[in-house]
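K.L.:
Here are the chains, one letter per residue:
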Amino acid sequence: MIQIARHVVLLAAKDLRIEARGRQTVGLVIVLGILIIVVLGMGLGAGQPMSGFGASSILWVAYLFGGVLCFEKTMSVERHDDALSGLLLAPIDRSAIYASKLLTNLILMFSLALVVTPVAIILFRFDLSAHPLGFAFVMGAGMVGFAAVGTLFAAAVSSTRLQGGLLALLVFPLCLPVVVTSTQLMRMLFAEGGSLASGGVATLIAFDLMYLVASWLVFEQVLEP
Amino acid sequence: MTNRTTYATSIYWMITIMAFCATLAMLVFYTPVEATMGPVQKIFYIHLPVALCTFVAAFVVFIASIGYLWQRMMWWDDLAAAAGKVTVLFCGVLLATGIIWGRSAWGQWWTWSPRLTFSLILFLLYVVYLMIRPAIEAPQRRAVVSAVYGLAAFLDVPLVYLSVRLMPDIHPTSIALAPEMKITLLTWFVPVAMLMAGLIHARFRLNRATRSAEEQRRSEPRRVSNLAPNMGASL
Amino acid sequence: MTLALSSIEVPVASCVCATAAVSVRGLGKTIDDRDILDDLTFEVPEGSFVALLGANGAGKSSLLKILATLIPPSRGELQLFGAAVRSDATALRSRIGLIGHAPMLYRDLSALENLILFGRLYGVADPRQRAEQLLDYVELSHRASDSIKTFSRGMVQRAAIARALMHDPDLLLADEPFSGLDAPSANALERLLKRLHDEGRTIILANHDLSQSLAIAQRAIVLRRGRLVMDAPVGDLTQAEILAEVSAT
Chain A
1 MIQIARHVVL LAAKDLRIEA RGRQTVGLVI VLGILIIVVL GMGLGAGQPM
51 SGFGASSILW VAYLFGGVLC FEKTMSVERH DDALSGLLLA PIDRSAIYAS
101 KLLTNLILMF SLALVVTPVA IILFRFDLSA HPLGFAFVMG AGMVGFAAVG
151 TLFAAAVSST RLQGGLLALL VFPLCLPVVV TSTQLMRMLF AEGGSLASGG
201 VATLIAFDLM YLVASWLVFE QVLEP
Chain B
1001 MTNRTTYATS IYWMITIMAF CATLAMLVFY TPVEATMGPV QKIFYIHLPV
1051 ALCTFVAAFV VFIASIGYLW QRMMWWDDLA AAAGKVTVLF CGVLLATGII
1101 WGRSAWGQWW TWSPRLTFSL ILFLLYVVYL MIRPAIEAPQ RRAVVSAVYG
1151 LAAFLDVPLV YLSVRLMPDI HPTSIALAPE MKITLLTWFV PVAMLMAGLI
1201 HARFRLNRAT RSAEEQRRSE PRRVSNLAPN MGASL
Chain C
2001 MTLALSSIEV PVASCVCATA AVSVRGLGKT IDDRDILDDL TFEVPEGSFV
2051 ALLGANGAGK SSLLKILATL IPPSRGELQL FGAAVRSDAT ALRSRIGLIG
2101 HAPMLYRDLS ALENLILFGR LYGVADPRQR AEQLLDYVEL SHRASDSIKT
2151 FSRGMVQRAA IARALMHDPD LLLADEPFSG LDAPSANALE RLLKRLHDEG
2201 RTIILANHDL SQSLAIAQRA IVLRRGRLVM DAPVGDLTQA EILAEVSAT
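Protein chains in written order, with our numbering: chain A, 1 to 225; chain B, 1001 to 1235; chain C, 2001 to 2249.
The set of hints was computed from the structure by calculation and includes no laboratory data. Every residue gets a Cβ at the ideal spot worked out from N, C-alpha and C, and that includes glycine. A few of these clues could be false.
[Unchecked claim] Reference listing, derived: stretches of chain A covered by chain C, where coverage requires no fewer than 3 residues with Cβ under 8 Å from a Cβ of chain C:
#1 15-24
#2 71-82
#3 88-101
[Stated by the list, open to error] Per label pair, the in silico range of CB-to-CB distance:
#4 B:1177 x A:119: 52 to 58 Å
#5 C:2145 x A:119: 54 to 60 Å
#6 C:2088 x B:1055: 53 to 59 Å
#7 A:17 x C:2244: 49 to 55 Å
#8 B:1214 x C:2088: 34 to 40 Å
#9 C:2039 x B:1135: 22 to 28 Å
#10 C:2091 x A:24: 34 to 40 Å
#11 A:119 x C:2129: 43 to 49 Å
#12 B:1214 x A:216: 33 to 39 Å
#13 A:115 x C:2039: 57 to 63 Å
#14 C:2077 x A:79: 30 to 36 Å
#15 C:2088 x A:110: 34 to 40 Å
#16 C:2091 x A:10: 16 to 22 Å
#17 A:216 x B:1055: 25 to 31 Å
[Claimed, not checked] Covered stretches of chain C, going by a simulated chain A footprint (3 or more residues, C-beta under 8 Å):
#18 2028-2041
#19 2086-2094
#20 2098-2104
#21 2118-2132
#22 2181-2191
Looking at chain A on its own, in the form it has when it is part of the complex (with noise of 0.2 Å):
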């Protein structure tokens, strides 16, 4: 176990480092993220404040088209020269492989987040100041079950001719209960004055576990060279 871990890290660090280099992901990301949150506003033109449902409906967008870019790049970094042949031949377990490049989008993501957030407060005037800490776990757990089908596809489709399209048909639908979950737990936390203690978290936390566990055991299927 603790040798996987080692690996795992190993190779996220490498992933990161790549990243470090180019910084093409992160900013492109980053870029993407911001200019879906200009075009909504411009779209929804909202003059009010915009509460926690809202909020996360706007974010989710830009984390959905974000975060598919970001799946793809860093399964694309395998692709080149066949580099991930070259990590098959060494004896690892393959699931490290997986866990790395789940770790690798997940900071991705929250880099990404971290960006857009603040950005989308200031620009729709949403108020979290009812439940921030709510926001951001409820946010964040919907990020590691999209991130786990995101990793999971990524690595399916990366030796195809579509690839960044075909990944975003692949994972919307499949996200779709994250994304109505976070909205409505959004709603009942902001809207209704609720609390977290809900059966919307246990599906959220029940989402990320199926995901992350049917990830792990079905990922060597779908790295075949």
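Following the hints, put chains B and C in place on chain A, whose structure we already have.
P.N.:
Same frame as chain A, now just chains B and C:
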């Protein structure tokens, strides 16, 4: 197809059509009209069996997907593709009947009620399953991606159900069924289930035949067009 | 240049090879309902140098990928060093090195970073020292800190060879390693392969250059449309005979 298989298939479809005719007749002449909603309420007798058969078809996709990932034999993929098409068809009918019901009951074509939203998401999940298949050229890669998605989509179904239950249900529906209504409802399961099974079977056979023809075409030596008669002598 | 590529020098004459490095029985691989490989049965004793020959599409690359445990066979038995791949693949990988068509390196990392990464994954004791030694051996020390994407084709191939040797594998699989190399680099690689073989490693080389392969290998295995059609010591056959088998349809 052998003669015996063709004969058996024909008999099966004749029985299915007769079952539909019988249950339709039952719906029109036997089942009483519901007091509140009127004749449109009778859509319910189609809606519920179609809902159940949608889940059964989706379950077949799930099992076939696991089967492919486990054994890597293409007939599992053919079965999953067949069941996927039937899932989309039945889910489309489920959504349509739900919309018609909603229009009649609440005066609106669409509301974001949990049930309708659930049908919509289910429909989208499996439409995507059909769309990814032609997007991937290599048969084995297509089969792997489809199998992983087919597995994930079915695991998603209970989560979709739990998530939409959080949505406000401004139009809760509960119907008290008279005994004749219950009998009609149970009877409708028969032709709908037969239709589902028959369609999956027919589609599966078609997929297998298409794949065999494709393999045969790939393994045949390429024919050179006929040369002029006296060219052979000079070569 | 001299480099002890393994800590123990094994004189060829005293090598007693009780276990086959590779033992294949009824091996087959089906992709998209097509038999890429079918009913292959052969053994490669430890310390052998085998030339794997065949026309394009014969199945050489697929066979090497299966031997490297990159892809599983569809049927049949495969044993490496007496252990079944089906149950012991992860452990066996530490004894196998593959030089493939693609370099299997990260283009945005430097040559040194790539080698250290793979060294750590293979559990090499001092990956940095070993990486520096290998880069010196393949004459890339002066470019150790430059990213792979700045390398020429020949330099990339040399870096890939260094990667394959990081963990000092007992079985080296090489799939067209000479492609894209200029004459001096190709000669250096040939000498390297001979030296690695002299040190007791088992080598299986897939190469379209028949005369080059037969000059360095001891044995020839010829594939045609996924089937084994010839398996004989190089000394027993003339080049013309082997060429006839490779070219036959």
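K.L.:
Hint by hint, note whether the structure agrees.
P.N.:
Right, here's what the structure says about each hint:
For the segment 15-24 of chain A, the stated coverage by chain C is satisfied: 4 residues place a CB nearer than 8 Å to a CB of that chain, which reaches the threshold of 3. Restraint check on the segment 71-82 of chain A versus chain C: 4 residues with Cβ-Cβ distances below 8 Å, three needed, restraint holds. Counting residues of the segment 88-101 of chain A whose C-beta lies closer than 8 Å to any C-beta of chain C gives 6; at least three are required, and the coverage claim holds. In this structure the hint that residue 1177 of chain B and residue 119 of chain A lie 52 to 58 Å apart at CB holds, the actual value being about 54 Å.
At about 38 Å, the CB distance of residue 2145 of chain C to residue 119 of chain A disagrees with the hint of 54 to 60 Å. At roughly 42 Å, the beta-carbon separation of residue 2088 of chain C and residue 1055 of chain B lies outside the given 53 to 59 Å, and the hint is violated. Between residue 17 of chain A and residue 2244 of chain C the C-beta distance comes to about 52 Å, which sits within the given range of 49 to 55 Å. Checked against the hint of 34 to 40 Å, the pair residue 1214 of chain B and residue 2088 of chain C passes, with Cβ atoms roughly 38 Å apart.
A hinted range of 22 to 28 Å for the beta carbons of residue 2039 of chain C and residue 1135 of chain B is inconsistent with their spacing of about 35 Å. Distance hint check for residue 2091 of chain C and residue 24 of chain A: the Cβ-Cβ separation is about 37 Å, which falls inside the suggested range of 34 to 40 Å. A beta carbon spacing of about 48 Å between residue 119 of chain A and residue 2129 of chain C agrees with the range 43 to 49 Å that was offered as a hint. For residue 1214 of chain B paired with residue 216 of chain A, a C-beta distance near 35 Å keeps the hint of 33 to 39 Å intact.
Between residue 115 of chain A and residue 2039 of chain C the Cβ separation comes to about 59 Å, which falls inside the hinted range of 57 to 63 Å. The hinted range of 30 to 36 Å is satisfied by residue 2077 of chain C and residue 79 of chain A, whose Cβ atoms lie roughly 32 Å apart. For the hinted restraint 34 to 40 Å between residue 2088 of chain C and residue 110 of chain A, the CB-CB distance of approximately 39 Å keeps it satisfied. Evaluation of the 16 to 22 Å hint for residue 2091 of chain C and residue 10 of chain A yields a pass: the beta carbon distance comes to about 19 Å.
Taken as a hint, the range 25 to 31 Å holds for the pair residue 216 of chain A and residue 1055 of chain B, whose Cβ atoms sit roughly 26 Å apart. Residues of the segment 2028-2041 of chain C with a Cβ under 8 Å from some Cβ of chain A number 0, which does not satisfy the need for three, so the listed coverage is violated. Chain A is given as covering the segment 2086-2094 of chain C, and this holds because 5 residues of the stretch bring a CB closer than 8 Å to a CB of that chain, at least three being needed. Counting residues of the segment 2098-2104 of chain C whose CB lies closer than 8 Å to any CB of chain A gives 6, so the stated coverage by that chain holds, three being the minimum.
Restraint check on the segment 2118-2132 of chain C versus chain A: 5 residues with Cβ-Cβ distances below 8 Å, three needed, restraint holds. Given as covered by chain A, the segment 2181-2191 of chain C fails the check, having 0 residues with a CB less than 8 Å from a CB of that chain where 3 are the minimum.
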